[in-house]
Every structure is written in C-alpha cells, then in structure tokens.
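> Heads up: the protein sequence lines correspond to chains A and B, in order. The opening position of the first sequence corresponds to residue 1 in our numbering, with each subsequent residue numbered one higher. The opening position of the second sequence corresponds to residue 1001 in our numbering, with each subsequent residue numbered one higher.
Heads up, some of the hints might be wrong.
[Unchecked claim] Quick partial rundown of chain B residues pointing at chain A, CB under 8 angstroms, derived from the structure: (1) Phe1019; (2) Trp1042; (3) Val1046; (4) Val1080; (5) Leu1081; (6) Val1147.
Hints in this document: simulated from the structure, not taken from any laboratory. Glycine residues also receive a C-beta, built at the ideal position from the N, C-alpha and C atoms.
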Amino acid sequence: MDIGTVTLLILAAMATLLMLGVPLAFVSGSIAVVLAVSFFGWNALFILGSRTVEFLDSFALIAVPMFVIMAAIMERSGVAADLYRAFHVLAGSLRGGLGVVTTFVAVLLGATTGIIGGEIVLLGLIALPQMLRLGYDKRLAIGTITAGGSLGTMIPPSIILIFYGLTAEVSISHLFLATLIPGLMLAGFYIAYILVRCGLNPAMGPPLSPEERAMPAIEKLKLFRGVALPMLVAGGVLVSIYAGFASITESAALGAFGAAIAAWVRGSFSYAMVRDVLIQALRTCGMVFWLVFGTNALIGVYNLMGGIEFARTMLGGISDEPAVILSTMIGVFILLGFFIDWIGILFLTMPIFLPTLTGLGYDPIWFGIVFNLSMQIAYLTPPFGPACFYLKGAAPEGVTLQDIFAAQWPFIGLQILGLIVVVLWPDLSLWLPRLVYGGG
Amino acid sequence: MSAFDRLALMLGRAAAWCFAAIVLVMVYEVVARYAFGAPTRWAHEVSVALAAIGFVLGGAYCAAEGTHMRVELLVERRPVLARLSHWLGGIAGVIYLGGLAYAAWRMADRAIWRFSLDGSWDPERSGSTLNSPLPAFLKGLLLVGAVLFLLVVLAKLLPRRER
C-alpha cells in the first residue's frame, strides 16, 4: 500500500471515530498502534513510549498546571466579579458602554489566565445578565462575551502559545510579546464594532441607569481596592517573564503563589478551595496531555512510514507561490477548527507545516500568532465552537444555543479581518519582540 | 462505578497535591536564587518528576470521571449510535492503552532493572549534576499510568453487575 492511500485511510478513520464520539485521546492513539504493529511489528510500539516519555521530561510544560492554578484561584476568590463591578460603573452614559467594559474586563482576565473556558463561564454569569437587564440586543451581548472571553489565549500568558513554542522550538516569551498587539487589536475591533452598532441604533446598547451613574467618584474608586492586588500579581507574572527575572514555569508558579496570597488577603482562601483548584489543574492536564500523547504517537508512526515527507511534498507541490501555500495552511486550521480542539490541530499539523513554512522564509514566531488567531475563529464557529458551549452552560434562561450560534457571525468576521491584517503586516506581531529583545 | 474508577479517582486526588508541591518548590528556587544567591540543584528535576505524576495519573482520573474530550453532537442527535459509540470508544482505548502499556513495560524494564558490574542496582539516570534516576522514574510511572487507565476503560466495557 502506498503512503498516499494510507494517508487517506488515516484521515477517513479519524473522521469516522471522531464523529462517533470516540474520545479524541483514543482516536489518534489507537490508529497509531494499529499502523505501528501492522507496518513494522510489535517493536515499533517503542516509539509510542519513547515519544511520551520525551514529552513528559519537559520543564516548560509545568507552566500549564501552574497557570491553571493561578487562574482557578482568581476565579474562585471572586476577583472577576469584583473586577467587573469596579469597571461597570465607568460605563456611564456611553451607548454600548457596558459592552465596551465587558471587552475590557475580558482582556484583563485574559492576562490572569491562558484558558478560555473559565473566562467565558464567568462573563456569562456576571456580565450577560447585566447587559440583558439594561436591554442590550441579545446577539450583541452574547457575541461580546464569547468573542471577548476567547481573547484569553490571545493575551499572554497563553497555553496555546506554550504548546506552540515547545512544538516549533521557538522562544515562548517572544511569542508572548508577539501576540500582545494582535490580541489588543482584536479587542479594539470588538469595541469599535460595539460602539458603531450602538451608535447607529441606541436601542441595541442603552447606557447605565441614572442611579448607577450618580455614584460619586470616590465610591467608584473604592470598588477598585479589592482587585488591585490580584491585578498586581497578574502584571507581575508578565513582567517577570518579559524581563527574564524567572523562567516561564517559575513565573507561573510565583503567580499561583501570589494568587493564593491575594485570595488569603480577601479572606476566601480555604482548604476546600485549594483542593478543588488542584483537582481542576489535574483534570485539565489529564485531558490535554493524554490528547497530546495520542496525537504525538500518531505523528511519530506516520513519520516512520515516510508520511510526513509525503505530506510536505504534497503541500509544497500545491503552488510555487508561498502565499497560496500559506493560505492553504490557514484554511486547514479553520476547517479542522470546525471539528477538533486546538491542541489536536496543533500536534497534527505542525510537524508537517512548520518545516515547509520556514523553508519558504516565513517567521515561525509570526506563524504562531497566525495559528493563535485562526484558533480564535475555531472557538466561535458552529457546530463545535467550544466558546458557544461554555456560554450555554452559564447563560440565563431564555438564551438558546441557536441564539448563541447566530450571535457569532459578525465577530467571526472581525476575527477574519484581524487574521488578514496580521498576515499582511507581520510586523504587527514581530515589532514588539524585536524592540524588547533586539535582533532582526 | 467500578473499583478501578474509585482507585483512579483516589490516586488522582492524591496526585493533584504534587502541583501544590511544585508551587512551593519553584517559589523556594526563586528565593534561593535571588535572596541567598544559591540556586538549588534539585528543583528542576524534582518538579518534572512531580508534574509527571499528575500528568500521567490525570488520564485515568478523567476517564473515571468521564471528562475526556469527545465530539458528542452526532451521538446526541442519533441516540441509536450511543451503544456503538460506547463500544468503539472502549475498543479504541484498549488498543491504544494496551500498546502504550506494552511499550512502557519494555522501556521501564530496561531502565529500572539494571545492575552495575558489582551487582548493585543502577537505574537509568538523567546525567545532570544531580544525576537523579528521573528517566527510570518516568518510564515506570508511564507504565503505572497506562495500566491504570487501561483497567478503568476495560471495567467500563465489561457487563455491569447490578447491585
């Protein structure tokens, strides 16, 4: 059997198993075992074990549970709710002001976490009822939360970029800087969209009620007292990473420790909280890492069969024009994003895409940001947009999944615009790391 | 819930504390480096070992809890497929985890069951300044994690006894 046929069979088997609800971790893993044994015999199973151990033996990976712990502590100690309350009074008489505030708070929350699920649930619980109470357009309010909440991976620290950095063997702190401007730009797009829509049609996003606006400035400032320390912790982590004070893993652990202290100061630190937070970290790691083990095994066996070489040749043969190949890759990201999670996409495609891409003279740091932006789109797109399902779990009565899906399209449009801008002007992402770390 | 489910949940809950230990180890390492001017030799490898315990046992934990990521949309719309999905998922799991457990067993056997010429135990070591037996530990750990995960998946496939 030639490698082209095998590749098609692998894709068909993956699609079938995925659609039938087989856990993602088993889909690629079982295919890897079948391929290894039938093509090379039992000894080839070694590659599964050695690739998994190699993956486990990585210090940078520990940043993942550390960031999960930091985010979960912040979440449980009620920082997000306080943050929203503090900013919410600033919306004032501005039409669509609350939508702008929600986006702004989403960006700040993004800096305390690299995971989107928790952030969307939080905003769905806190911000959505507020916006609906004021009489916001349902779709505008929903879209603001799913799109804003997904920004968590665009704003450093970002779990996606940690895994990308490990796979592509590029500096994670460079990636964290490179994503900053595109991430803020995307937030800017959302804010501009909300302001324009509400400016044209004031009924879509009414201002705060007069009582809420009448709050004296000193009272408004007092609301910020409770969130100052947690925000300082989140900022400190980023500074520590960027300034090279400590490695990413160490900075993340310091952040988790700082978040615990902040929770203790707020009086919400307890044994039960620590236990739940640690279990949440274990659950996230169990889910994500076993998925990686399986995908990594499949890529290893496929490579042994000469598949990666084959896929690269196919990819390179599409066109002589680098831009066409690049567009194809982005198209694959978005297409796969309809069906599988970012981590699966990352580990399946990058071993094939990255060498081709660097061969064409593109910058792998910039490509990480392009990938990250593509995953923003993947979060929202029905029918498997994870952001939509997270929000459904937290949304108040009367918000259906149909409402949520329908609300995504304008924001998906804005994300595509952001992606195009970053593809056309790579300097938007590369300028900042160059400025801070120097080099060409 | 099978006995293996309960075992996996219990081990998972215990393993989660490894992450708390890492936080403390890392804080100590940074303090030691900046305040005492003496970074530790062990923080790095100890953290990798601790984290691996959580990562590896997390697989069986999520299986026992039923929180592994899967695409549920089609099965929800066509409930007829639920049995097929259950069996297919279980079989794929057994194939993968069986293969992984076999590989891990062969690797662990080689890495742990080693003796130097004078007959003393000599597991595979990291070769760093600390020279801990980290590689041997990781391989043994992967074997334990894969077997536990396999047992949890198998127990879900076997006919359930009514109690």
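> Next, verify each hint and record whether it holds.
Hints versus structure:
no. : hint    : result
1   : Phe1019 : holds (5 angstroms)
2   : Trp1042 : violated (13 angstroms)
3   : Val1046 : violated (11 angstroms)
4   : Val1080 : violated (12 angstroms)
5   : Leu1081 : holds (6 angstroms)
6   : Val1147 : violated (13 angstroms)
In this structure, the hints that do not hold are numbers 2, 3, 4 and 6, in rising order.
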